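In this text, residue positions in the sequence shown follow the numbering used here: the first is 816, and each later residue adds one.
To be clear, the hints were calculated from the coordinates, so they are not data collected in a lab. All values derive from a computational prediction rather than experimental measurement. Mixed in with the good hints there might be a few duds.
Said to hold, decoys possible - Simulated restraints on C-beta separations:
| id | residue 1 | residue 2 | range |
| --- | --- | --- | --- |
| 1 | Gln853 | Gln898 | 14 to 24 angstroms |
| 2 | Asn927 | Arg874 | 34 to 44 angstroms |
| 3 | Gln926 | Lys879 | 34 to 44 angstroms |
| 4 | Ile864 | Glu834 | 31 to 41 angstroms |
| 5 | Ser875 | Tyr924 | 30 to 40 angstroms |
| 6 | Lys876 | Gln926 | 13 to 23 angstroms |
What the hints assert, rightly or not - Heads up, simulated PhoX-like pairs for lysine-lysine below, C-alpha to C-alpha not over 25 angstroms straight-line:
| id | residue 1 | residue 2 |
| --- | --- | --- |
| 7 | Lys922 | Lys839 |
| 8 | Lys879 | Lys839 |
| 9 | Lys922 | Lys882 |
| 10 | Lys922 | Lys879 |
| 11 | Lys922 | Lys842 |
| 12 | Lys842 | Lys876 |
Backbone N, C-alpha and C define an ideal beta-carbon position, used for all residues, glycine too.
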Amino acid sequence: MFNLFEKRPQNYHAIGPEEFNALKARKGHVVLDVRSPQEARDGSIQGGIQINFFDPHFRSKLEKLDKSQAYLVYCRSGNRSAQACSLMADLGFDQLYNLSGGINAWKAYAQNS
Numbered sequence: 816m817f818n819l820f821e822k823r824p825q826n827y828h829a830i831g832p833e834e835f836n837a838l839k840a841r842k843g844h845v846v847l848d849v850r851s852p853q854e855a856r857d858g859s860i861q862g863g864i865q866i867n868f869f870d871p872h873f874r875s876k877l878e879k880l881d882k883s884q885a886y887l888v889y890c891r892s893g894n895r896s897a898q899a900c901s902l903m904a905d906l907g908f909d910q911l912y913n914l915s916g917g918i919n920a921w922k923a924y925a926q927n928s
C-alpha cells in the first residue's frame with residue numbers, strides 16, 4: 816500500500832561547510848545556489864550559478880544542466896537545496912552534495928576559518 820508518510824531514501828550527500836569547501840576547490844564541481852535573487856544579494860558562495868527554487872521554470876532549468884557534472888547545492892538553511900537535490904536525482908543527476916545548514920553554516924564556517 817502507498818504510504819504518504821514513508822520517508823524516501825536520501826539520494827544525495829549532505830555535507831558540512833568544510834567538506835563543501837574542499838569539493839568546491841576540485842575541478843568538475845559546480846556550485847548551485849537555489850535561493851531567490853533577493854537572498855543572493857545578501858552574499859553568495861563565489862563561483863556559483865543561481866537558479867531560483869521558486870522560479871516557475873525551476874525544473875526545466877535544472878533539466879538543461881549537464882548531468883555528468885557534480886553539483887554542490889545550497890540555499891539559506893539547507894532545506895530548499897535538499898529538495899532541489901532530490902528533484903535533481905529524480906531527473907538523473909547522480910553526483911549531488913547538499914550544504915547542510917546552507918549559507919548560514921557557510922558564513923559561520925568562513926568566520927571561524
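Cross-check of the supplied hints:
{"no.": "1", "hint": "Gln853 x Gln898: 14 to 24 angstroms", "verdict": "19 angstroms, holds"}
{"no.": "2", "hint": "Asn927 x Arg874: 34 to 44 angstroms", "verdict": "36 angstroms, holds"}
{"no.": "3", "hint": "Gln926 x Lys879: 34 to 44 angstroms", "verdict": "35 angstroms, holds"}
{"no.": "4", "hint": "Ile864 x Glu834: 31 to 41 angstroms", "verdict": "20 angstroms, violated"}
{"no.": "5", "hint": "Ser875 x Tyr924: 30 to 40 angstroms", "verdict": "33 angstroms, holds"}
{"no.": "6", "hint": "Lys876 x Gln926: 13 to 23 angstroms", "verdict": "32 angstroms, violated"}
{"no.": "7", "hint": "Lys922 x Lys839", "verdict": "15 angstroms, holds"}
{"no.": "8", "hint": "Lys879 x Lys839", "verdict": "21 angstroms, holds"}
{"no.": "9", "hint": "Lys922 x Lys882", "verdict": "28 angstroms, violated"}
{"no.": "10", "hint": "Lys922 x Lys879", "verdict": "30 angstroms, violated"}
{"no.": "11", "hint": "Lys922 x Lys842", "verdict": "23 angstroms, holds"}
{"no.": "12", "hint": "Lys842 x Lys876", "verdict": "22 angstroms, holds"}
The structure does not agree with the numbered hints 4, 6, 9 and 10 stated previously, though it agrees with the rest.
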